[in-house]
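4 protein chains.
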Amino acid sequence: MSGFLRDEGANIITSDQHSTDPEGGTFFMRMEFALRIPPAEREPFAQRFAAGVGEPFGMDWRLWHVDERKRVAVLVSRYDHCLLELLWRARRGEVEGDIGIVVSNHPDLSEQVEAFGLPYHHVPVTRDTKAQAEERLLELLAGRYDLIVLARYMQILSGDFLSRVGAPVINIHHSFLPAFAGAGPYERAKERGVKLIGATAHYVTEELDAGPIIEQDVIRVSHRDDVAALVQLGADVERSVLTRAVQRHCEDRVILHGNTTVVF
Amino acid sequence: MSGFLRDEGANIITSDQHSTDPEGGTFFMRMEFALRIPPAEREPFAQRFAAGVGEPFGMDWRLWHVDERKRVAVLVSRYDHCLLELLWRARRGEVEGDIGIVVSNHPDLSEQVEAFGLPYHHVPVTRDTKAQAEERLLELLAGRYDLIVLARYMQILSGDFLSRVGAPVINIHHSFLPAFAGAGPYERAKERGVKLIGATAHYVTEELDAGPIIEQDVIRVSHRDDVAALVQLGADVERSVLTRAVQRHCEDRVILHGNTTVVF
Amino acid sequence: MSGFLRDEGANIITSDQHSTDPEGGTFFMRMEFALRIPPAEREPFAQRFAAGVGEPFGMDWRLWHVDERKRVAVLVSRYDHCLLELLWRARRGEVEGDIGIVVSNHPDLSEQVEAFGLPYHHVPVTRDTKAQAEERLLELLAGRYDLIVLARYMQILSGDFLSRVGAPVINIHHSFLPAFAGAGPYERAKERGVKLIGATAHYVTEELDAGPIIEQDVIRVSHRDDVAALVQLGADVERSVLTRAVQRHCEDRVILHGNTTVVF
Amino acid sequence: MSGFLRDEGANIITSDQHSTDPEGGTFFMRMEFALRIPPAEREPFAQRFAAGVGEPFGMDWRLWHVDERKRVAVLVSRYDHCLLELLWRARRGEVEGDIGIVVSNHPDLSEQVEAFGLPYHHVPVTRDTKAQAEERLLELLAGRYDLIVLARYMQILSGDFLSRVGAPVINIHHSFLPAFAGAGPYERAKERGVKLIGATAHYVTEELDAGPIIEQDVIRVSHRDDVAALVQLGADVERSVLTRAVQRHCEDRVILHGNTTVVF
Numbered sequence: 000m001s002g003f004l005r006d007e008g009a010n011i012i013t014s015d016q017h018s019t020d021p022e023g024g025t026f027f028m029r030m031e032f033a034l035r036i037p038p039a040e041r042e043p044f045a046q047r048f049a050a051g052v053g054e055p056f057g058m059d060w061r062l063w064h065v066d067e068r069k070r071v072a073v074l075v076s077r078y079d080h081c082l083l084e085l086l087w088r089a090r091r092g093e094v095e096g097d098i099g100i101v102v103s104n105h106p107d108l109s110e111q112v113e114a115f116g117l118p119y120h121h122v123p124v125t126r127d128t129k130a131q132a133e134e135r136l137l138e139l140l141a142g143r144y145d146l147i148v149l150a151r152y153m154q155i156l157s158g159d160f161l162s163r164v165g166a167p168v169i170n171i172h173h174s175f176l177p178a179f180a181g182a183g184p185y186e187r188a189k190e191r192g193v194k195l196i197g198a199t200a201h202y203v204t205e206e207l208d209a210g211p212i213i214e215q216d217v218i219r220v221s222h223r224d225d226v227a228a229l230v231q232l233g234a235d236v237e238r239s240v241l242t243r244a245v246q247r248h249c250e251d252r253v254i255l256h257g258n259t260t261v262v263f
Numbered sequence: 000m001s002g003f004l005r006d007e008g009a010n011i012i013t014s015d016q017h018s019t020d021p022e023g024g025t026f027f028m029r030m031e032f033a034l035r036i037p038p039a040e041r042e043p044f045a046q047r048f049a050a051g052v053g054e055p056f057g058m059d060w061r062l063w064h065v066d067e068r069k070r071v072a073v074l075v076s077r078y079d080h081c082l083l084e085l086l087w088r089a090r091r092g093e094v095e096g097d098i099g100i101v102v103s104n105h106p107d108l109s110e111q112v113e114a115f116g117l118p119y120h121h122v123p124v125t126r127d128t129k130a131q132a133e134e135r136l137l138e139l140l141a142g143r144y145d146l147i148v149l150a151r152y153m154q155i156l157s158g159d160f161l162s163r164v165g166a167p168v169i170n171i172h173h174s175f176l177p178a179f180a181g182a183g184p185y186e187r188a189k190e191r192g193v194k195l196i197g198a199t200a201h202y203v204t205e206e207l208d209a210g211p212i213i214e215q216d217v218i219r220v221s222h223r224d225d226v227a228a229l230v231q232l233g234a235d236v237e238r239s240v241l242t243r244a245v246q247r248h249c250e251d252r253v254i255l256h257g258n259t260t261v262v263f
Numbered sequence: 000m001s002g003f004l005r006d007e008g009a010n011i012i013t014s015d016q017h018s019t020d021p022e023g024g025t026f027f028m029r030m031e032f033a034l035r036i037p038p039a040e041r042e043p044f045a046q047r048f049a050a051g052v053g054e055p056f057g058m059d060w061r062l063w064h065v066d067e068r069k070r071v072a073v074l075v076s077r078y079d080h081c082l083l084e085l086l087w088r089a090r091r092g093e094v095e096g097d098i099g100i101v102v103s104n105h106p107d108l109s110e111q112v113e114a115f116g117l118p119y120h121h122v123p124v125t126r127d128t129k130a131q132a133e134e135r136l137l138e139l140l141a142g143r144y145d146l147i148v149l150a151r152y153m154q155i156l157s158g159d160f161l162s163r164v165g166a167p168v169i170n171i172h173h174s175f176l177p178a179f180a181g182a183g184p185y186e187r188a189k190e191r192g193v194k195l196i197g198a199t200a201h202y203v204t205e206e207l208d209a210g211p212i213i214e215q216d217v218i219r220v221s222h223r224d225d226v227a228a229l230v231q232l233g234a235d236v237e238r239s240v241l242t243r244a245v246q247r248h249c250e251d252r253v254i255l256h257g258n259t260t261v262v263f
Numbered sequence: 000m001s002g003f004l005r006d007e008g009a010n011i012i013t014s015d016q017h018s019t020d021p022e023g024g025t026f027f028m029r030m031e032f033a034l035r036i037p038p039a040e041r042e043p044f045a046q047r048f049a050a051g052v053g054e055p056f057g058m059d060w061r062l063w064h065v066d067e068r069k070r071v072a073v074l075v076s077r078y079d080h081c082l083l084e085l086l087w088r089a090r091r092g093e094v095e096g097d098i099g100i101v102v103s104n105h106p107d108l109s110e111q112v113e114a115f116g117l118p119y120h121h122v123p124v125t126r127d128t129k130a131q132a133e134e135r136l137l138e139l140l141a142g143r144y145d146l147i148v149l150a151r152y153m154q155i156l157s158g159d160f161l162s163r164v165g166a167p168v169i170n171i172h173h174s175f176l177p178a179f180a181g182a183g184p185y186e187r188a189k190e191r192g193v194k195l196i197g198a199t200a201h202y203v204t205e206e207l208d209a210g211p212i213i214e215q216d217v218i219r220v221s222h223r224d225d226v227a228a229l230v231q232l233g234a235d236v237e238r239s240v241l242t243r244a245v246q247r248h249c250e251d252r253v254i255l256h257g258n259t260t261v262v263f
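Protein chains in written order, with numbering that gives the first Met the number 0: chain L, 0 to 263; chain X, 0 to 263; chain R, 0 to 263; chain W, 0 to 263.
No lab work stands behind these hints, which were simulated from the structure alone. Computed from a predicted structure; not experimentally measured. Treat each hint with caution, since some may be false.
Here are the in silico distance ranges between beta carbons for each label pair [claimed, not checked]:
| no. | chain 1 | residue 1 | chain 2 | residue 2 | range |
| --- | --- | --- | --- | --- | --- |
| 1 | W | ASP66 | X | ASP107 | 23 to 29 Å |
| 2 | L | ALA39 | W | PRO55 | 33 to 39 Å |
| 3 | X | ASP107 | L | ARG191 | 52 to 58 Å |
| 4 | W | PRO55 | X | HIS105 | 56 to 62 Å |
| 5 | W | ARG68 | R | GLY23 | 55 to 61 Å |
For glycine and all other residues, C-beta sits at the position ideal for the given N, C-alpha and C.
Looking at chain L on its own, in the form it has when it is part of the complex:
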């Protein structure tokens, strides 16, 4: 691979490797290199890479050009903390992606989103209209975005939706998974008397809260903190964990390995 890049005139900037086992394991690699390739020559470059490196070494590989920024859609319900953190980070240029749309099953946050110059779509969901709502979401999202972020979106997406939306979906769950998967994690944390609460950002799969974990963090709590205090303390962990996961994903640092992730 170094040889191929040298021959193409590229300058390697960073290189990360990981092998799951010194002998016979799966080998992962991420390389950033500097090479100006005009749009018209990108497809030929990829073909040369496939022929010279990808196929001979039996690689799964992908190529990402830094000027092709990720298009990001955010789904949210009523809580503003994860959403605003993402919008603010993106505005500061701290996310290698462009948030292009915010969709919510509630109208509450429209004004705040529009203050960032972004369109806000209200797609209500009731028990009876869930299927239509997902159709509406697919119209808005499918084929238009490279990443869907659930920033405390309190609806479960169907397997059908996940397969048709055509982009990975990152969710923030408000517990340190696998503890307290499912509903009411702060209530259950209080009941169990844990001394740390956490949050987990993971790719969404059909099985609830069971997808590959990208990032987690925790914060210390005590008997003094009631459920409302856990919600408030946890909100800070949620927004930082989700942000880091979205940043890593948009920088193409996250590689799936079965149901786990390699994060370079």
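Start from chain L and add chains X, R and W according to the hints.
Just chains X, R and W now, kept in the frame of chain L:
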């Protein structure tokens, strides 16, 4: 309570309170006070407290004199890290208790324990001799110790043992409970791909790894850490979490509240 | 004190004490109690407290009624992270105070502040106009606010200003003081090769970055982080440290003790 | 470099790179590779490397064979915490080096060291005998050890000693440098009212506490912690920070860059 102590001539050093609910909740309090009470006058003092404070306010209460140091027994299997940390902390005077005995189902650690001037009892356990082994443990421990610490003791104690040993039992479990209760937590953490591993010190109840949590902590891990690395990183968390739990318990800072703890 | 409050019919909610020395030290106490006192009876209540408790025990004391919310002014230059975090926290009801004004020596952040429904005053400062600028600040602030927060305000306030503004001033400094006091802390941190960078919230005194510390925190960095990365990583520490300091202050949890603080 | 190793039949296990600047900066690299080289062929291998890679690319380079374990000497005064942590880690096989000697200016810790099967040398130091003491240390250490660790050795080593001992010297300082360099850091931390205390492991240079930093960490403290409590809390940070620094050094992960370090 302040009034009673003032009348007795005591000087309050620290006072902690906690109410589970501003109205109608359970009220917890821990007070340290300075008052020299000769041994012969301790029982009368306790009776005055009961009559003047405990009974009128319907309190559950206990009184601990700082010169009556906790007698601690440690049970261990083969791993030395939690045991040595406890022995070393106790020797430095950082535990308000005296470790008086170490019992193990393996002979491996006898030399290290004896270097601390402590007796080491080897009580082997096999599937067939578990009942006799528990009888032997009860001979060594029951009525002689105020606290039993399981410093990575890899045997499950029976409900019969727990009720007869006559002292609280603190265990260290090598996961952030309630995640990965039971066997093989590091293997399961690796399989699930968590980004943090942890340890939990809790009081032992008949239900495995489900007793009241005293202390927890975590450490960051990555895809680079194989199970052996998790074991090594986790060992540091285990020893510090168990030590803090034993210290808090020996300072009478831990109060049970249902299946949770108040730690002042 | 308990006796006085009982006699007045108050219900003690929380009580924190600290003594700098078991014998002869300074004693600090903070009590929250529930007692409905109509505005007209507050002055008489304070007089009874002074006569019955404050004077007999030689206390320095103050009384704060929860419905008299702190009036907070924020000064800022060009960086938005600390300011926005404060405005957002206040809007969520997580600060026991009301931000009433934002003043800046730059015009940049006016639109963002006005989106929160707050007045933004631009008071430019040059080397020659510093005295007039401080006069203008005093017109805007003196006597009108209970707390002045410097949310990355890059001007040094004169001792004259500090004595005339009539309210405590909290600053966020972008290092773990006392390391890297003064200008360019991130540059100097990079040059010294530290493995942690931090932020410090402190009360402003005439001596630069030397006032009583309220809160500090740090984040891990490595040789890979250049100065720009330190600035970005540090911004997260700055905004959380300043927020916690302002919250604690507004809840009257911070008591001065010489050049240090007791934070209950 | 990859080409050279491939031609020699080596298998690259890990590779880390760092460039201080994308253009014209200093480039750092650490590679672990698997290649069985009998002792007699190591010098020829090094010469081939120098001729084929080192000289053409103008590298500063060194080669370490994993079976040539680092020989480590530990200097200590009276505190046992850093010393015992190192001895215990080494016994567990968690340090890529062999501690071969412990030297102290006090006799106190001899028994504990000898329990690990290690020689303990007592070399007293007074103001008048400092020069002779350093001569004695040089007899014991110079040319015999690859690393000298000061595990709370409370004597300042002269520049003459440092240049003659012929091995890097790692010290643990009980503050987050550059704060509180020199004597009495915990006392000064208490006086300044900091909310975090720390420890710093660094290479020793002639200028006191000013050498390249390898590792740092901190722990939260409050107004409740007197100097004795800071000493106790800090001890835990000191032993873990020093241990990590010694581990990284012994794995050849630390590369000097001016007065800073690259830690791969």
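Cross-check of the supplied hints:
no.: 1; hint: W:ASP66 to X:ASP107: 23 to 29 Å; in the structure: holds (28 Å)
no.: 2; hint: L:ALA39 to W:PRO55: 33 to 39 Å; in the structure: holds (37 Å)
no.: 3; hint: X:ASP107 to L:ARG191: 52 to 58 Å; in the structure: violated (35 Å)
no.: 4; hint: W:PRO55 to X:HIS105: 56 to 62 Å; in the structure: holds (57 Å)
no.: 5; hint: W:ARG68 to R:GLY23: 55 to 61 Å; in the structure: holds (56 Å)
Hint 3 alone, counting from the list given before, is not met by this structure.
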